[in-house]
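Novice: Could you put together the complete structure from these sequences and hints?
Listed in order, the protein sequences are those of chains A and B. Under this note's numbering, the residue at position 143 of the first sequence is numbered 143, and the numbers go up by one with no gaps. Under this note's numbering, the residue at position 138 of the second sequence is numbered 138, and the numbers go up by one with no gaps.
Any given hint could be a false lead.
One copy or two, either will do: identical chains are not told apart, so a pair holds if it fits within one copy or between any two.
Said to hold, decoys possible - Computed list of lysine-lysine pairs in DSBU-like fashion (alpha-carbon distance at most 35 Å, straight line):
{"no.": "1", "residue 1": "K5", "residue 2": "K42"}
{"no.": "2", "residue 1": "K239", "residue 2": "K17"}
{"no.": "3", "residue 1": "K239", "residue 2": "K13"}
{"no.": "4", "residue 1": "K123", "residue 2": "K13"}
{"no.": "5", "residue 1": "K180", "residue 2": "K43"}
{"no.": "6", "residue 1": "K3", "residue 2": "K247"}
{"no.": "7", "residue 1": "K180", "residue 2": "K97"}
{"no.": "8", "residue 1": "K187", "residue 2": "K5"}
{"no.": "9", "residue 1": "K239", "residue 2": "K193"}
{"no.": "10", "residue 1": "K43", "residue 2": "K13"}
{"no.": "11", "residue 1": "K177", "residue 2": "K247"}
{"no.": "12", "residue 1": "K5", "residue 2": "K102"}
{"no.": "13", "residue 1": "K81", "residue 2": "K102"}
Please keep in mind that the hints were generated in silico from the structure rather than gathered at the bench.
Protein chains: 2
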Amino acid sequence: MIKLKEIPTKAPKGLEKEDIKRKTDRMARRIGHLQHIMYAEKKHNFLVVFQGMDASGKDGATRKVFAYCNPTGIKAFPFRKPTEEEFAHDFLWRINKQVPAKGMIQVFIRSHYEDVLIQRVHKWIDEETVNDRITAINEWEKHLERDNDTTILKFYMHISPERQKEKLQERIDDPGKQWKHNDADWKEADLWKEYMSAYEDAINRSDVPWIVTPVDQRWYRDYFIAEQVLKEMEALQMKLPTFATLKPKD
Amino acid sequence: MIKLKEIPTKAPKGLEKEDIKRKTDRMARRIGHLQHIMYAEKKHNFLVVFQGMDASGKDGATRKVFAYCNPTGIKAFPFRKPTEEEFAHDFLWRINKQVPAKGMIQVFIRSHYEDVLIQRVHKWIDEETVNDRITAINEWEKHLERDNDTTILKFYMHISPERQKEKLQERIDDPGKQWKHNDADWKEADLWKEYMSAYEDAINRSDVPWIVTPVDQRWYRDYFIAEQVLKEMEALQMKLPTFATLKPKD
Numbered sequence: 001m002i003k004l005k006e007i008p009t010k011a012p013k014g015l016e017k018e019d020i021k022r023k024t025d026r027m028a029r030r031i032g033h034l035q036h037i038m039y040a041e042k043k044h045n046f047l048v049v050f051q052g053m054d055a056s057g058k059d060g061a062t063r064k065v066f067a068y069c070n071p072t073g074i075k076a077f078p079f080r081k082p083t084e085e086e087f088a089h090d091f092l093w094r095i096n097k098q099v100p101a102k103g104m105i106q107v108f109i110r111s112h113y114e115d116v117l118i119q120r121v122h123k124w125i126d127e128e129t130v131n132d133r134i135t136a137i138n139e140w141e142k143h144l145e146r147d148n149d150t151t152i153l154k155f156y157m158h159i160s161p162e163r164q165k166e167k168l169q170e171r172i173d174d175p176g177k178q179w180k181h182n183d184a185d186w187k188e189a190d191l192w193k194e195y196m197s198a199y200e201d202a203i204n205r206s207d208v209p210w211i212v213t214p215v216d217q218r219w220y221r222d223y224f225i226a227e228q229v230l231k232e233m234e235a236l237q238m239k240l241p242t243f244a245t246l247k248p249k250d
Numbered sequence: 001m002i003k004l005k006e007i008p009t010k011a012p013k014g015l016e017k018e019d020i021k022r023k024t025d026r027m028a029r030r031i032g033h034l035q036h037i038m039y040a041e042k043k044h045n046f047l048v049v050f051q052g053m054d055a056s057g058k059d060g061a062t063r064k065v066f067a068y069c070n071p072t073g074i075k076a077f078p079f080r081k082p083t084e085e086e087f088a089h090d091f092l093w094r095i096n097k098q099v100p101a102k103g104m105i106q107v108f109i110r111s112h113y114e115d116v117l118i119q120r121v122h123k124w125i126d127e128e129t130v131n132d133r134i135t136a137i138n139e140w141e142k143h144l145e146r147d148n149d150t151t152i153l154k155f156y157m158h159i160s161p162e163r164q165k166e167k168l169q170e171r172i173d174d175p176g177k178q179w180k181h182n183d184a185d186w187k188e189a190d191l192w193k194e195y196m197s198a199y200e201d202a203i204n205r206s207d208v209p210w211i212v213t214p215v216d217q218r219w220y221r222d223y224f225i226a227e228q229v230l231k232e233m234e235a236l237q238m239k240l241p242t243f244a245t246l247k248p249k250d
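Specialist: Next comes the structure, spelled out in structure tokens:
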């Protein structure tokens with residue numbers, strides 16, 4: 001059982017920022033290289049979930065960690081408020097359309113977890129539905145891993161409420177960031193305690209482990225995520241297919 | 001009226017490769033920067049078509065020119081042989097699903113033009129159907145430009161038959177490229193003359209002008225394409241929206 005309050009949102013002491021940034025860039029290059037092999041092999045695939053409060057750096061992490069990937073082999077999908085058609089289906093219907101094909105990296109910016117977070121916090125659904133959905137998510141993720149060879153990496157973007165306020169304020173003060181500003185984000189931030197408790201519960205009841213990621217500093221966030229992604233990619237021991245290993249084409 | 005035979009497939013004399021590569025990288029960075037603004041503005045969008053014979057560098061160009069774009073704002077879609085469901089619809093049905101949303105860059109690797117190229121060369125369709133399709137394409141592209149604010153950039157990847165043979169042979173000789181090898185590519189290459197005549201006709205009858213791109217050398221190909229893409233992006237004079245220009249959010 002994890003308790004979010006006990007997990008730091010900041011980088012450990014003693015790290016040298018410029019050194020870490022260099023290492024991140026090196027890892028990102030390696031991720032780009034392995035993505036090429038993944039695409040060629042068409043065997044494995046990656047589902048990378050970035051889930052967290054507003055301004056927790058989901059977009060920024062996507063850009064940095066996957067900077068050297070070929071657009072042909074990676075898709076990033078930002079989930080927003082469901083459409084009327086999507087609401088008319090079960091909550092996994094629209095998610096399922098976005099799962100990675102073999103050989104691909106798929107990034108979820110927000111995800112199916114919204115359906116047990118924002119909806120729970122606002123009490124748009126009852127607790128029985130929350131339980132059903134958590135069961136459904138666990139089964140669905142298992143299905144992807146087992147039947148689609150998917151590696152699922154779920155990053156909870158762990159930001160402190162103070163740092164979030166700073167970043168939301170930047171979206172007002174900095175004209176270059178004003179396009180990101182949304183009044184609604186401040187209202188959601190007022191429900192911090194309720195969100196933390198919903199996140200904590202979702203994390204603790206998930207079969208696929210969440211990676212709680214300290215995101216208060218961008219440079220450490222990118223380093224931390226790149227390291228996890230790279231570790232999982234290396235573990236697959238992927239190889240460029242050759243005539244000796246290729247299946248015949250049609 | 002263009003005649004492909006009269007257009008070079010190679011870089012002009014006197015260019016210095018390393019210098020050109022540096023310039024390409026600088027342009028690619030600027031493209032990444034403008035893509036960020038396009039995404040923020042959600043007004044314009046780009047449809048970039050890479051169409052050409054096998055091994056003409058469609059994938060490579062995608063990777064180089066859009067190297068600094070955020071995966072959230074760019075999608076690359078490689079069109080392959082249509083599925084049974086797709087064949088059961090008109091030829092633009094599957095294409096239409098992949099058009100860029102406002103704020104996005106969409107790359108087509110192969111495109112709707114396959115339907116007046118491979119299908120025409122193999123005589124799977126009659127000449128009347130070819131004419132109908134060319135009319136349909138012109139109307140459909142105009143519709144995108146007019147009703148979706150789309151900038152359409154169509155690159156014909158102009159490769160010499162000798163260079164193509166070399167690159168197809170590399171896919172046999174180099175184990176790192178064997179995964180790209182496909183016997184069928186050699187058979188299509190035997191129809192070179194028929195393909196060139198179909199390409200030439202498609203290019204000459206297109207309302208949206210094609211950009212005939214010399215691709216025999218990768219470094220010049222990427223430079224040439226980046227320059228065109230950047231020119232069109234700059235022309236839009238995009239600006240990050242600020243509170244003064246933003247529409248209210250819902």
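Novice: Hint by hint, note whether the structure agrees.
Specialist: Status of the hints after comparison with the structure:
1. K5 / K42: neither (41 Å within a copy, 38 Å between copies)
2. K239 / K17: The answer is both: 33 Å in one copy and 31 Å across copies each meet 35 Å.
3. K239 / K13: Intra 38 Å, inter 39 Å, cutoff 35 Å: neither.
4. K123 / K13: neither (39 Å within a copy, 69 Å between copies)
5. K180 / K43: Between. Shortest inter-copy distance 15 Å satisfies the 35 Å Cα cut-off; intra-copy 37 Å does not.
6. K3 / K247: Answer is neither: 48 Å inside a copy and 40 Å across each miss the 35 Å cutoff.
7. K180 / K97: both (26 Å within a copy, 27 Å between copies)
8. K187 / K5: For K187 and K5, the Cα distance is within 35 Å only inside one copy (21 Å; across copies 64 Å).
9. K239 / K193: Neither. Shortest intra-copy (46 Å) and inter-copy (37 Å) distances fail the 35 Å Cα cut-off.
10. K43 / K13: Result: close neither inside a copy nor across copies, 40 Å intra and 44 Å inter.
11. K177 / K247: Answer is between: at 15 Å across copies they meet the 35 Å cutoff, but 49 Å inside does not.
12. K5 / K102: neither (37 Å within a copy, 40 Å between copies)
13. K81 / K102: both (27 Å within a copy, 17 Å between copies)
Violated hints, in rising order: 1, 3, 4, 6, 9, 10 and 12; the structure is consistent with all others.
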